[in-house]
Structure formats: C-alpha cells, structure tokens
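A.B. asks: Model the full assembly from the supplied sequences, consistent with the hints where possible.
There are 2 protein chains.
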Amino acid sequence: MILSALLTSVGINLGICFLFFTLYSILRKQPINARLYAPRLVAERKLKDTGFNLERLLPSAGWVKRAWELSEDDLLESSGLDGVVFMRIITFSLKVFSIAALIGMAILLPVNFTGSQLKIDISDLPNKSLDAFSISNVNNGSNRLWIHFCAIYTFTAAVCCLLYYEYKYLSLKRIDYFYASQPQPRQFTVLVRSIPTVSGQRLDESVEHFFREYHPSTYISHTIVRRTNKLQQLTEVPAAFVYFKSRFGAAIALHMQQGINPTKWITEEAPEPDDVYWPFFSTSYLGRWICKLGMLVGTFLLTVLFFLPVLVVQSLTHLEQLERYFPFLKNILRLTVVSQVITGYLPSLILQLFLSFIPPIMKTMSSIQGYISTSEIQKSACSKMIRFTTWNVFFANVLSGSALYGFDLILEPKKVPLLLAQGVPAQATFFISYVVTSGWTSLSSELFQLMALVFSYIKRIFSGKESDDLVVPSIPYEKEIPKILSLGLLGITYFFLAPLILPFILVYFCMGYLIFRNQLLNVYAPKFEMSGKYWPIVHNSTIFSLVLMHIIAMGIFVLKELPLASTLSAPLPVLTLLFNEYCRQRFLPIFTTFATECLVAKDKKEQDNPRMAEFLDKLVDAYKDPALKPKVNDNNNDDNRLTSPLLRSGEIRV
Amino acid sequence: MILSALLTSVGINLGICFLFFTLYSILRKQPINARLYAPRLVAERKLKDTGFNLERLLPSAGWVKRAWELSEDDLLESSGLDGVVFMRIITFSLKVFSIAALIGMAILLPVNFTGSQLKIDISDLPNKSLDAFSISNVNNGSNRLWIHFCAIYTFTAAVCCLLYYEYKYLSLKRIDYFYASQPQPRQFTVLVRSIPTVSGQRLDESVEHFFREYHPSTYISHTIVRRTNKLQQLTEVPAAFVYFKSRFGAAIALHMQQGINPTKWITEEAPEPDDVYWPFFSTSYLGRWICKLGMLVGTFLLTVLFFLPVLVVQSLTHLEQLERYFPFLKNILRLTVVSQVITGYLPSLILQLFLSFIPPIMKTMSSIQGYISTSEIQKSACSKMIRFTTWNVFFANVLSGSALYGFDLILEPKKVPLLLAQGVPAQATFFISYVVTSGWTSLSSELFQLMALVFSYIKRIFSGKESDDLVVPSIPYEKEIPKILSLGLLGITYFFLAPLILPFILVYFCMGYLIFRNQLLNVYAPKFEMSGKYWPIVHNSTIFSLVLMHIIAMGIFVLKELPLASTLSAPLPVLTLLFNEYCRQRFLPIFTTFATECLVAKDKKEQDNPRMAEFLDKLVDAYKDPALKPKVNDNNNDDNRLTSPLLRSGEIRV
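Order-wise, the sequence lines are chains A and B.
Under UniProt numbering, the residue at position 46 of the first sequence is numbered 46, and the numbers go up by one with no gaps.
Under UniProt numbering, the residue at position 127 of the second sequence is numbered 127, and the numbers go up by one with no gaps.
Because the hints were derived from the structure by calculation, they are not lab data.
Treat the hints loosely; a few may be bogus.
Simulated pairs of lysine-lysine, DSS-like, Cα-Cα distance not exceeding 30 Å [as the list claims (entries may be wrong)]: (1) A:Lys264 with B:Lys245; (2) A:Lys29 with A:Lys414; (3) B:Lys168 with A:Lys264; (4) B:Lys173 with A:Lys245; (5) B:Lys168 with A:Lys245; (6) B:Lys602 with A:Lys264; (7) B:Lys65 with A:Lys264; (8) B:Lys602 with B:Lys168; (9) A:Lys264 with B:Lys292; (10) A:Lys624 with A:Lys168; (11) B:Lys533 with A:Lys264; (12) B:Lys245 with A:Lys605; (13) A:Lys604 with B:Lys245; (14) B:Lys168 with A:Lys292; (15) B:Lys604 with A:Lys264; (16) B:Lys605 with A:Lys245; (17) A:Lys415 with B:Lys415; (18) B:Lys604 with A:Lys604; (19) B:Lys533 with A:Lys245; (20) B:Lys173 with B:Lys379; (21) A:Lys414 with B:Lys618; (22) B:Lys168 with A:Lys414; (23) B:Lys604 with B:Lys618; (24) B:Lys245 with A:Lys602; (25) B:Lys65 with B:Lys29; (26) A:Lys245 with B:Lys604; (27) A:Lys602 with B:Lys168; (28) A:Lys168 with B:Lys292; (29) B:Lys264 with A:Lys168; (30) B:Lys245 with B:Lys624; (31) A:Lys533 with B:Lys264; (32) B:Lys414 with A:Lys414; (33) A:Lys414 with A:Lys173; (34) B:Lys618 with B:Lys605.
Estimated spans, in silico, between C-beta atoms of each pair [said to hold, decoys possible]: (35) B:Gln352 with A:Ile361: 53 to 61 Å; (36) A:Lys604 with B:Lys604: 21 to 29 Å; (37) A:Arg586 with B:Lys618: 32 to 40 Å.
Ideal placement from N, C-alpha and C gives every residue a C-beta, glycine not left out.
C.D. replies: Here it is, written out as structure tokens:
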C-alpha cells in the first residue's frame with residue numbers, strides 16, 4: 001500500500017467520523033431518539049423534556065463537556081467497578097501511547113527518516129510506501145540502531161511501571177468496593193454440583209444431611225435446582241444452591257474439597273441470582289465434558305478457517321494480483337481513485353465486516369461450553385475473542401505473505417523471530433489503515449448507532465409506533481475489550497518499527513475516552529457485577545504484546561546486522577515474564593477470591609445489624625429458575641432491573 | 001554392540017549377582033554383621049542370638065522365604081503407607097511387564113525374527129547385532145506390522161487399566177490410613193510465613209492478634225520460629241507454627257488465603273516436628289526466590305553437562321573410534337575378550353558410576369531450593385532425578401548418534417517422531433546391557449551392601465571396636481524410584497521395538513520384589529510419613545513413557561512405509577492424555593489434601609476421647625528447633641526415633 005492510498009483511507013474515515021459526530025449531536029437532542037441515545041436516562045426517568053427550541057437543530061458539543069467532567073466516583077456510583085475498570089483500560093492505554101508517541105515521534109522517526117538504506121526519492125513520496133519512516137530505512141549495521149535498542153528498554157520499563165501501579169490501584173479499589181457493598185445473595189451462597197445419589201434418599205435429604213453434618217454452625221438451607229424436561233415435567237438435577245450464615249462460612253465450603261471423592265460435591269462460586277444461566281443445568285457431567293471439548297475444537301477451527309477472508313483482504317492490497325485474476329477489471333482498476341480505495345480503504349473494511357460476525361458466535365460457543373452465569377460466558381467469550389483477534393488480525397496478516405501459515409510456527413519455533421522480523425514491518429501501512437477503519441470509524445458509529453437508528457426508523461414507519469419494551473443494554477465487553485487490546489498490540493509491536501502508527505492510535509484512545517464515558521452516562525447500564533475481573537485479562541494481554549515486541553526486536557536486530565543488540569535484548573522478555581510472575585503472585589489472588597481477613601471483617605461489621613436477619617430470611621428464596629416462577633414475579637424482576645441497575649433483585653439492601 | 005559382547009556383559013553381571021547372593025546369605029548370619037544387615041531389628045531389639053552352629057557358615061535362602069511371606073498388612077504396620085506404596089510400584093511393574101513379556105515374546109518376537117528386511121545370516125548370529133529380533137527386521141510395508149499396531153493398542157489399554165486400579169486402591173488405602181492414624185501434631189498445625197511486621201508490635205503479638213481475630217473458635221496457640229544467627233544470638237524470623245483445636249480448623253487456615261495481601265500471612269502444611277528442615281528458615285523472601293531460580297538453572301546445567309560422560313560411554317560401544325583415537329591400544333583392543341568387555345560391560349558400568357554421584361547433588365540442590373521439610377526435599381530430589389535419568393539415560397544415549405543434541409528437539413518438534421524412530425531401535429542391545437548392570441547388579445549390591453561392608457571392616461580394624469551410634473537408614477527414594485522408573489521407561493518404549501529386553505526387565509522386578517521386601521523387614525525404617533505421595537509421580541511417569549512409546553510408534557510406522565498405521569496411532573496419545581486428565585481430577589486431590597468429609601469425621605470421632613485434651617496441651621511444645629533445645633531432650637528424641645519408627649516423637653498416642 002502506498003502513501004496516497006493510505007491518505008485516501010484516512011480521508012474517507014475522517015469524513016465518516018465528522019458526519020457521524022455532527023449527526024449525533026443533532027439527533028440526540030430530538031426526544032424521538034431518546035430511547036436510542038439515552039435509554040439509561042429514560043429508564044431512570046432522568047430525562048427532562050425541554051420543549052422545542054432552535055438550538056435542537058444545531059450541532060453542539062455539550063455532551064463532550066459532560067463526558068469530560070464525569071468523575072471516577074460518579075462513574076463507580078453509576079456503572080459499578082466494571083465501568084471504572086473499563087474506563088481505566090482506556091486511560092492506561094492513553095498513558096502508554098503518550099509515552100510511546102513521545103519517544104517514537106521525537107526520537108525514532110527522525111532517525112529512521114534520515115537513514116538511507118532504502119534509497120527513497122523524497123520528491124516521489126506519495127507514490128511510495130511508508131517505509132521511509134520505518135526502521136527498514138536505517139542503514140544495516142548502523143550504530144543508530146542502538147537508539148532503537150534503548151527506546152525498547154525504556155518503553156518496556158515504563159509500561160511495566162504503569163501496569164504495576166494500575167494493578168495495585170485496582171486491587172485496592174476492588175477491596176474497598178467489597179467492604180462498601182450491600183449484602184448480596186451470592187456472597188452467602190455456594191453452588192454445589194455432582195451431588196451423589198444415595199439409594200433410598202432424596203436429593204434434598206442428601207444435601208441437608210451432608211451440610212448439617214459437616215457445616216453445622218454455618219449452614220442455613222438450600223435450593224435444589226429443578227428444570228423442566230422436554231415432557232414439561234420437573235426433573236432430578238444433581239445441583240443445589242446452598243445458603244450459609246456468613247460470607248466466611250460460604251467461602252470455607254467453596255475453597256475446601258468437600259467430598260472424599262473429588263468428583264462429587266463440587267462447589268463453585270454462586271453467580272448473582274439473575275445472572276444464572278439456567279439452561280446449562282440440564283446437561284449431564286459427561287455431556288458437559290463433551291460440550292467443553294467440542295467447543296475448544298470449534299474455536300480452534302473457527303480461528304483457523306478465518307484465514308480465508310484474511311487472504312482475500314491481503315490480496316486486495318496487492319493490486320497486480322487482482323488484475324491477473326480478473327483481467328476484465330483492468331481498466332477500472334487503473335483509475336487512481338478506484339485503485340486507492342481498493343488498496344487503501346476496502347481491505348480494512350472487509351476485515352472489519354467479517355470480524356463483526358465473530359463476537360456473537362464466540363458468545364454462543366461459550367454458553368455451550370458450560371459456564372453457569374451469563375457474566376462468565378461473556379468473560380470467556382472476551383478471552384476467546386482476544387486470542388482470535390491476535391491471531392487473525394495480527395499473525396494472519398503478517399504471515400500471509402510468507403510461505404508457511406501458523407502451524408509451521410508451532411512446529412519450528414526457532415524460525416519465529418526472523419519470520420516476524422521480515423513480515424511485521426511490511427504490514428505497517430495496512431495496519432495504520434486498519435487502526436483508522438477499525439478504530440476511528442467504529443468508535444464514531446458506536447456513538448451514532450447507525451444500524452439501530454435505521455432499524456428504529458423502519459420500525460416506526462411500518463408499525464406506526466415504538467414498541468413498549470425499553471431495553472437498556474450493557475457494555476458488550478466481548479466486543480470492545482478485544483478491539484482495544486488489538487489496537488494496543490499493534491501500537492506496542494510497531495512502536496519501534498514504524499512509529500508513524502502511534503499518533504493514529506493516540507487519537508483513537510482520546511476519542512474512546514470521551515465516547516465511552518458518554519455512552520456509560522447515557523446508554524449502558526451494568527447488568528451484572530464482575531468486580532473488575534477483566535483487568536487481569538488486560539494485564540496478561542499487555543505482557544504478551546511486550547514479549548512479542550521483544551521477539552520481533554531480536555529478529556530485526558539480526559536482520560539489520562547488529563547481532564550484539566539482538567543478544568542484549570534477550571534478557572528483556574525474561575525480565576518481563578518475571579515481572580508478570582511477581583504480579584501474578586501479588587495481585588491476581590485478590591481478583592479471584594477474598595481473603596479470610598476481608599470476609600471475617602465484613603461479616604463482623606454486619607453481625608449486629610438488625611436487618612441482617614431479614615436478609616438471611618429472604619436469602620432462601622433468592623435462587624429460583626425464572627421459568628418456574630409465576631409470571632407476575634417475573635415481570636417485577638425485569639422492572640427492577642431496568643429502573644435502577646444497581647438496585648437489582650440480586651441485591652437486597654440492609 | 002554385537003550379541004557376543006552382550007552375552008559377556010550378562011555373564012559378568014550374573015556372576016557378580018550369584019557371588020553377592022551367596023556371600024550375603026552367609027555373612028548376614030554372623031552376629032558381627034547384624035548392625036549392617038539388620039540394623040532395624042537391632043534397634044527394635046528383635047534379634048535373637050542363637051549361638052554358634054555350623055549352619056551359620058553355609059549359604060541358605062531362609063531370608064527369601066521370610067520376604068516372600070510378608071503380608072501387606074504387616075508391611076503397613078512396620079513400614080507405613082510409604083513402604084506399601086514402594087512395594088506396590090514394584091508389583092505394578094511386575095504386572096505390566098508380565099503382560100508385555102507375554103505379548104512381546106509370544107507374538108512380536110517370532111514376527112520380527114521371521115522377517116527378512118535385514119538379510120541376517122542366522123549361522124553368524126553371535127557376531128551380529130540383535131537387530132534380527134527387533135522390528136527393524138520386519139519387511140518394509142509388510143502387513144505384519146499391523147500385529148505390532150494391535151499390540152500397542154492392547155498394551156496401552158492394559159497399562160491404563162492397571163494404572164486406574166492402582167490409583168483407586170491407593171486412594172482408598174490413604175484415606176483408611178488417615179482414619180486409623182493417631183493424632184499427629186502436623187495435622188493440627190499450620191506453618192505461617194511472611195508475617196508482616198507492624199511497628200510497635202512484636203511478632204508474637206501480631207500472630208496472636210491475627211488468629212484470635214480471624215480464627216477465634218479454633219486457634220489455640222503458636223510458636224514463633226527462632227534461629228541463632230552468626231553472632232549466636234536468637235533472631236526476628238517472620239514465621240510461626242500455629243496450633244488449632246481441630247484438623248478441620250487447621251485445614252481452613254491452610255486452604256484459605258489469609259491476608260488481603262496474598263504475599264503476606266502465607267500458610268503452608270506443617271511437616272512432622274522432626275521432619276522440619278530448620279536451616280532454611282534463616283533465608284529471606286528474596287533470598288528464597290533467588291535460591292529457587294538458581295537451583296532451577298543449576299539442575300538444568302547439570303542435566304545438560306552430563307552429556308559429556310554419556311558421550312564417552314557411547315564412544316566405547318563403537319570400538320573403531322576408540323582405535324582411531326588411541327592407536328597404541330590397537331593390539332589389546334583386538335583381543336576378543338577385551339573388546340567384548342569394553343563394548344559390552346564397560347559402557348553401562350561407567351554410566352552407572354557417574355549416575356551414582358547424582359542423587360546426593362540433587363538432594364543438596366533441593367535443600368537449597370527452599371523446602372521446609374526433609375521429606376519434601378527428598379520428594380523434590382526424586383522428581384529431579386526422574387527428569388535427569390529420563391533425559392540422560394534415555395534421550396542422550398538415543399540421540400548421541402544423531403547430529404543434533406536435545407536443544408534442537410525443542411526448536412524443531414516436528415522432527416521428533418522420525419528422529420526417535422531412527423535412534424531408539426539402534427540402542428536396544430546397549431539398553432539390555434544397561435538393564436543387567438544398572439538393574440541386576442545394583443539390586444544385588446543393594447542386598448550385599450558391598451561398600452558399607454568394606455568400610456565397617458576397615459573401621460573395625462583401625463579403631464578396634466564399632467562406633468556406638470547405630471543408624472537405621474530409611475529407603476533412599478530419590479535413588480531407587482528413578483531407577484525403577486527408568487527401567488520401566490525402557491521396558492515400555494522397547495516393548496514393541498525389541499521385545500528381547502522384556503525378560504531381563506522382568507527378572508529385575510522379580511529380584512527387586514524379594515530384595516526390597518527383605519530390606520524393608522531388616523534394614524530400612526521409615527523416618528517420615530509421606531502417606532503415599534510418591535504414587536502420583538509414578539503414575540505421571542508411566543503416562544509419559546506410554547506417550548513416548550506412541551510417538552516412537554508413529555515415527556516407526558512411517559519409516560517402515562506403513563503410513564496408515566502411523567495415522568491410526570495418532571488417537572492413542574490423545575486418549576492416554578485424556579485418561580490421565582480424568583485420573584488427575586478423580587484421584588490426585590486425594591493425594592494432596594484431605595476433604596472436609598474426612599477431616600470432620602475424624603475430628604468428631606476423637607472429640608469425646610478424654611486424652612485429646614492432654615494431646616492438645618502437649619501440642620504447643622511440639623515444634624522447637626532442636627538446636628535450641630537442651631542437650632538431654634535432643635538425645636531422647638533420637639532414641640525415640642530409633643527404637644520404634646512408627647512411635648516417633650512426632651506422634652503422640654492417644
């Protein structure tokens with residue numbers, strides 16, 4: 001891809017962004033669109049109708065100001081810890097790429113540009129690729145490469161520092177959030193699976209007997225999970241929600257192996273009551289196992305088969321190939337505008353389109369895989385998407401040029417650094433275009449909600465009125481976090497190779513900062529609370545990007561005939577992984593469970609509260625399959641959830 | 001190595017074995033050797049002096065009869081569960097190799113021998129290698145190879161069945177053993193490390209405060225670990241043994257994260273009081289980390305550098321090379337006897353000699369690595385030794401012929417099956433000789449204790465009398481288990497390649513069965529109780545051997561031009577690993593911890609026992625650094641341990 005094609009792509013996307021922003025700032029002020037652009041405010045009845053005035057028809061940036069002014073405490077109050085973590089992922093990336101852009105643009109870019117390896121004629125720059133700005137232009141064996149070497153060390157140290165302080169800050173936040181939380185049923189409940197059936201004893205009696213015997217001082221009661229089978233009869237599921245008097249009591253049952261046979265009496269953390277994914281309880285143990293295995297294979301196949309669209313995308317960036325395959329298009333393709341659109345804008349757009357089908361598929365796969373809560377399904381889909389995007393956006397595009405596809409990488413790991421060092425720099429311009437399309441435009445359409453807008457107009461035209469059910473969405477983490485992390489991956493790996501990508505990424509995160517704060521204020525309401533469990537995923541992903549950068553650097557220094565720098569880079573991945581290991585020991589346990597110290601302190605604080613007895617009374621009714629509840633209850637439930645997202649049925653205020 | 005050289009080696013070893021057996025059966029009856037051949041009986045004062053009679057001077061097999069008649073219950077009584085597990089490793093191997101020998105000798109050997117691939121002249125067999133009996137002799141592409149294919153499937157299924165029943169049997173035994181055990185201090189104790197120091201509070205007060213606050217109903221007391229520093233002063237070690245009223249109470253503190261900061265208040269299982277490895281408490285947290293890392297690197301280097309002696313050994317088996325390097329030896333080397341001893345017996349003997357230096361080194365390394373009990377040090381040294389032997393006995397010998405040494409294996413994993421398929425069959429005769437030397441002779445010298453006998457005679461001659469301190473040894477697991485497993489590895493991998501090795505291995509295990517039972521009766525007394533924790537190591541090791549066999553088989557079938565059989569073998573390692581995963585979930589937790597069900601049942605059974613109060617009173621004095629105890633106590637301690645190994649100071653009978 002040449003410079004002018006890239007500029008075409010940037011131009012198109014910039015145009016779309018401005019259009020969307022302008023339309024949004026007008027349309028959002030029309031009351032008719034309130035359910036689309038501020039469903040949360042509508043549900044919370046916070047929207048005031050100011051009557052018609054002329055200002056409504058003019059674009060304005062008032063929403064930017066409100067989004068800017070939102071404090072972290074307000075965010076915590078309105079969107080929970082997960083909302084805060086989500087915004088901190090963006091601010092963390094902003095910090096990382098500010099440092100990267102500073103080093104990259106001020107130091108590395110001039111060094112690259114003043115090299116003479118590629119013998120690029122400056123006057124003909126628009127028709128050349130952007131390699132003049134990349135490390136490829138530095139002369140082989142030049143001592144200037146030591147500047148890149150130092151930059152890599154400095155940047156790694158800076159990112160690790162940021163990672164450490166972020167992990168520490170969020171750990172403390174998570175504990176504070178726990179101390180400040182109202183009692184929730186899931187804190188006092190444990191899900192027990194694989195309850196052994198004793199002949200002559202009902203399941204109910206087995207559970208009662210077991211917990212009365214082994215947890216006499218903390219056990220309160222339990223609810224056996226019941227499902228209707230295909231004949232509409234209630235059936236014998238060997239799982240139960242068991243309730244305890246204290247959080248510590250529930251944690252003991254959770255963390256200790258219960259039965260002598262480790263495959264029986266398996267205890268798991270209970271999700272919030274309306275977070276339970278009931279359908280999965282119908283599956284047997286063997287069924288669960290097969291489902292899990294099947295879905296692992298399925299995810300793998302999906303990831304591999306996605307190579308085909310990537311190939312199509314990559315063939316578009318090489319116009320000559322296209323001409324050869326479709327000779328009748330030759331005349332059209334020779335038009336400058338057409339060729340620039342095809343090589344510059346189209347590839348990223350097509351990739352973007354194909355990618356948009358994947359998150360729902362991954363979510364379905366995770367739900368079959370055997371998670372018992374929708375929040376866990378979402379988290380698992382998010383992890384799957386990260387692996388998918390890393391492989392298919394980064395590796396597939398980088399390696400599609402070389403003869404061997406991914407499998408050989410696993411079979412011949414010693415070729416990896418050199419292969420990456422050859423493939424990665426060549427894709428710099430494509431990825432800049434990808435950042436603009438996948439980043440900028442998708443952000444502005446997130447704000448503008450183009451598809452939803454069109455659908456709502458069509459609906460209104462045909463049915464004449466809006467439907468009554470207002471749906472307040474929650475952030476689609478499984479879509480947004482992988483996208484943010486994939487741009488982070490590109491930014492980190494290209495930091496020293498082609499620093500020209502950094503300003504584009506920085507703009508993305510600046511826009512994201514404002515747009516997502518606005519969306520959290522007006523659109524998204526938290527459905528379930530994960531209490532910040534997404535952060536460790538982001539941390540690991542960043543470490544992966546760093547190590548990948550180190551491996552590429554080692555390869556590049558060999559290619560650029562400075563093997564000493566390659567050798568001296570070797571301690572970097574080792575040190576980074578040691579740092580990661582330290583973080584894993586120091587912080588990760590805080591994100592997976594709560595310590596005795598926390599649990600007992602919280603229990604003690606509340607033991608004298610007279611309303612705890614009332615809470616514990618209500619607790620035994622908390623976990624009921626909604627399909628088995630009377631219809632009226634069901635509606636109440638939904639209403640609750642919509643009116644105040646942090647006052648859901650799952651939480652009972654004391 | 002040719003057949004006649006192998007026969008020389010077998011002959012030499014057989015001779016040594018007979019000599020040792022005969023000498024042992026005479027010498028063991030002399031009262032002067034009682035401390036050497038029956039130290040355990042001496043310590044337990046079970047040895048009767050029958051006075052002199054002529055029978056004493058004649059070899060007899062009475063000890064064989066007594067060893068044969070020993071029942072498992074007697075063994076459990078006298079040697080604990082670890083003794084039983086050790087003997088079951090041998091009986092398990094006996095079962096495995098009986099099946100292997102049956103299939104191998106009755107079916108595979110005739111098939112191999114009637115092949116004509118190698119065009120071996122039967123009349124000149126003594127001067128040929130043993131390849132006529134190996135799979136190499138089966139014609140390429142022959143359908144007879146399907147017999148090998150079926151044999152592999154059958155054998156794998158049989159071994160997995162045996163593994164399953166063994167794991168199940170030992171799981172039940174472990175639980176029974178726990179139920180039948182006397183209360184032991186370690187069951188009621190938890191070791192707490194990394195106690196945070198609060199200014200103005202003594203360590204003692206911190207611990208007291210923490211456990212009174214968070215475990216008020218089960219905490220009894222604690223002992224701060226104190227060490228003398230180089231100035232002979234008592235110092236501020238931030239570790240303590242904390243005592244609880246019940247096993248369940250201790251288990252809760254053990255399995256739950258205690259402090260909010262996961263790197264503080266770290267709880268670990270307490271070892272038995274006289275199993276504690278005190279010196280290690282002096283090391284700081286950072287020191288421990290560096291030690292651990294250093295020892296990992298150390299083990300790796302030791303394993304790699306050991307390639308040098310292996311190279312020497314392998315060069316001996318190729319006589320021509322030796323002649324080239326040392327031309328002046330040519331005449332001697334041409335003598336048939338000399339050449340046969342050098343190529344047949346010497347290589348295994350040298351390898352054996354070098355190998356015997358390794359276990360003490362590994363034990364030292366494990367003790368530096370940071371385990372707090374001598375039994376854990378021994379277990380870790382055992383695991384290290386298994387990896388070491390697998391690499392240096394098996395892989396190094398197999399690959400020394402090929403151009404690339406181990407590292408390339410990791411870097412180019414797709415070459416592994418073919419490389420092994422080429423290398424492994426070629427070493428069949430060397431490994432038969434290794435089995436005879438490392439197996440048979442070392443077993444008989446285990447019985448005869450040659451070195452100890454010589455030393456005791458020298459000592460007696462120079463000092464005029466025996467020393468007073470009688471040392472009853474315990475089984476050197478870190479030496480014996482890796483040896484048994486390495487022979488198991490050879491047997492499993494060579495089962496279908498060169499079945500001629502199987503009778504030699506079977507003889508080894510038959511001898512081992514008798515000799516080790518005899519040694520457990522007369523020589524070894526258990527020092528510490530691991531309650532069968534060695535079994536999972538053996539299980540994993542056997543699974544590894546099976547999968548290695550499958551990989552070699554896949555390579556061999558390709559080499560023998562029957563690629564379909566190679567493809568159809570691919571499910572085997574997958575199925576084996578799935579089986580292993582099932583066992584890991586079903587049985588492994590039983591070997592790492594005890595379930596709530598066990599602990600509470602055991603606690604309840606004893607709660608009405610009036611002597612429990614007395615036990616709990618004594619408990620607080622159980623953990624004291626012997627270096628800080630008055631000298632008199634120390635002696636008592638040792639006496640206790642020697643007189644009755646299962647009635648050690650660590651156990652207080654109720």
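A.B. asks: The structure should be examined with respect to each hint, and the outcome stated for every one.
C.D. replies: Structure-based check of each hint:
1. A:Lys264 with B:Lys245: 28 Å, holds
2. A:Lys29 with A:Lys414: 59 Å, violated
3. B:Lys168 with A:Lys264: It holds: about 15 Å lies between the C-alpha atoms, which stays within 30 Å.
4. B:Lys173 with A:Lys245: Status violated; Cα separation ~36 Å.
5. B:Lys168 with A:Lys245: 36 Å, violated
6. B:Lys602 with A:Lys264: 20 Å, holds
7. B:Lys65 with A:Lys264: 44 Å, violated
8. B:Lys602 with B:Lys168: 21 Å, holds
9. A:Lys264 with B:Lys292: This hinted pair is violated, its Cα atoms lying about 36 Å apart.
10. A:Lys624 with A:Lys168: Violated. A:Lys624 to A:Lys168 sits at ~38 Å, over the 30 Å cutoff.
11. B:Lys533 with A:Lys264: Roughly 22 Å between the alpha carbons, so the hint for B:Lys533 and A:Lys264 holds.
12. B:Lys245 with A:Lys605: 26 Å, holds
13. A:Lys604 with B:Lys245: 22 Å, holds
14. B:Lys168 with A:Lys292: With a Cα-Cα distance of about 26 Å, the restraint between B:Lys168 and A:Lys292 holds, given a limit of 30 Å.
15. B:Lys604 with A:Lys264: 22 Å, holds
16. B:Lys605 with A:Lys245: 26 Å, holds
17. A:Lys415 with B:Lys415: Distance ~14 Å between A:Lys415 and B:Lys415 Cα, so the pair holds.
18. B:Lys604 with A:Lys604: Measuring from Cα to Cα gives roughly 27 Å; hence the hint holds.
19. B:Lys533 with A:Lys245: Cα-Cα ~36 Å, so violated.
20. B:Lys173 with B:Lys379: Within the cut-off at roughly 20 Å; holds.
21. A:Lys414 with B:Lys618: With Cα atoms ~61 Å apart, A:Lys414 and B:Lys618 exceed 30 Å; violated.
22. B:Lys168 with A:Lys414: Judged against 30 Å, a Cα distance of about 43 Å means the pair is violated.
23. B:Lys604 with B:Lys618: 20 Å, holds
24. B:Lys245 with A:Lys602: Since the Cα atoms of B:Lys245 and A:Lys602 sit roughly 24 Å apart, the hinted pair holds (cutoff 30 Å).
25. B:Lys65 with B:Lys29: 15 Å, holds
26. A:Lys245 with B:Lys604: Roughly 22 Å separates the two Cα atoms, so the pair holds.
27. A:Lys602 with B:Lys168: It is violated: about 42 Å lies between the C-alpha atoms, which goes past 30 Å.
28. A:Lys168 with B:Lys292: Status holds; Cα separation ~26 Å.
29. B:Lys264 with A:Lys168: At roughly 15 Å apart (the allowed maximum being 30 Å), A:Lys168 and B:Lys264 satisfy the hint.
30. B:Lys245 with B:Lys624: 19 Å, holds
31. A:Lys533 with B:Lys264: 22 Å, holds
32. B:Lys414 with A:Lys414: Within the cut-off at roughly 12 Å; holds.
33. A:Lys414 with A:Lys173: 43 Å, violated
34. B:Lys618 with B:Lys605: Between B:Lys618 and B:Lys605 the Cα gap is close to 20 Å, so the pair holds against 30 Å.
35. B:Gln352 with A:Ile361: 53 to 61 Å: 59 Å, holds
36. A:Lys604 with B:Lys604: 21 to 29 Å: At 27 Å between Cβs, range holds.
37. A:Arg586 with B:Lys618: 32 to 40 Å: Given a distance of about 38 Å, which is inside 32 to 40 Å, the answer is holds.
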